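J.: Quick note on the numbering used here: the sequence shown kicks off at 171 and runs consecutively.
These are calculated hints, taken from the structure and not from any lab test.
Every value quoted in this text rests on a predicted model; they were computed, and no experiment measured them.
Treat each hint with caution, since some may be false.
[As the list claims (entries may be wrong)] Derived BS3-like pairs: lysine-lysine, alpha-carbon spacing no greater than 25 Å straight-line: (1) LYS192 / LYS277; (2) LYS197 / LYS277; (3) LYS298 / LYS277; (4) LYS213 / LYS277; (5) LYS213 / LYS197; (6) LYS197 / LYS298; (7) LYS213 / LYS298; (8) LYS298 / LYS192.
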Amino acid sequence: MGRPGLDFPGFGVGLVILRDAKILLYKRLRAPEAGYWNIVGGKVDHMEPAEQAARREAEEETGLSIGRIERLGMTEQIIDADRQHWISLLYLTRDIEGEPQLTEPDKLSDFGWFPLTDLPEPLSAFTKAAIAALPAAAQGE
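All chains, full assembly: derive it from the sequences and hints.
T.: So, in structure tokens, the structure goes:
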């Protein structure tokens with residue numbers, strides 16, 4: 171059948187998590203963009219609503235309990251270096267409980283809360299698109 175993102179465009183989700191004017195980012199260990207800082211997210215499973223996928227992926231990757239989320243927009247990333255192609259819906263939440271953890275150390279190596287005005291490098295193309303989609307009010311928190 172093939173692999174999403176590699177053999178055909180993959181369908182994914184990403185969730186921007188904001189708290190106290192900071193964004194939660196994780197450092198990726200795997201392609202696409204291994205070694206880059208990224209928002210949480212992943213692929214949408216067959217018959218899974220995208221909003222549920224965003225919440226599921228975020229909870230799996232962070233250990234947080236995710237409450238209300240809102241849709242930010244969409245992004246398409248063609249990452250030539252990794253030969254990957256993803257179309258993703260982007261979401262935003264400020265409604266979280268708990269403290270983030272490194273729950274998938276085989277996929278992610280580090281995490282942290284970063285001010286939107288002082289982001290770590292390198293930042294993934296996916297994350298840059300998500301930050302650009304944030305409402306102006308969220309960027310100035």
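J.: Does LYS277 sit within 25 Å of LYS213, going by the straight-line distance between their CA atoms?
T.: holds (14 Å)
J.: Straight-line Cα separation of LYS298 and LYS192 no greater than 25 Å?
T.: Within the cut-off at roughly 15 Å; holds.
J.: Taking only the CA atoms, is the gap from LYS298 to LYS277 under or equal to 25 Å?
T.: holds (20 Å)
J.: For the pair supplied as a hint, LYS213 and LYS298, confirm whether the alpha-carbon distance does not exceed 25 Å.
T.: Between LYS213 and LYS298 the Cα gap is close to 18 Å, so the pair holds against 25 Å.
J.: Check the hint pairing LYS197 with LYS277 against an upper bound of 25 Å on the C-alpha distance.
T.: Between LYS197 and LYS277 the Cα gap is close to 9 Å, so the pair holds against 25 Å.
J.: Given the hint that LYS197 pairs with LYS298, test it: the Cα-Cα distance must not exceed 25 Å.
T.: Holds: LYS197 and LYS298 sit about 14 Å apart, inside 25 Å.
J.: Within a Cα-Cα threshold of 25 Å, do LYS213 and LYS197 meet the stated pairing?
T.: With a Cα-Cα distance of about 17 Å, the restraint between LYS213 and LYS197 holds, given a limit of 25 Å.
J.: Do the alpha carbons of LYS192 and LYS277 lie within 25 Å of each other, as the hint requires?
T.: Roughly 22 Å between the alpha carbons, so the hint for LYS192 and LYS277 holds.
Violated hints are absent here; each numbered hint is respected by the structure.
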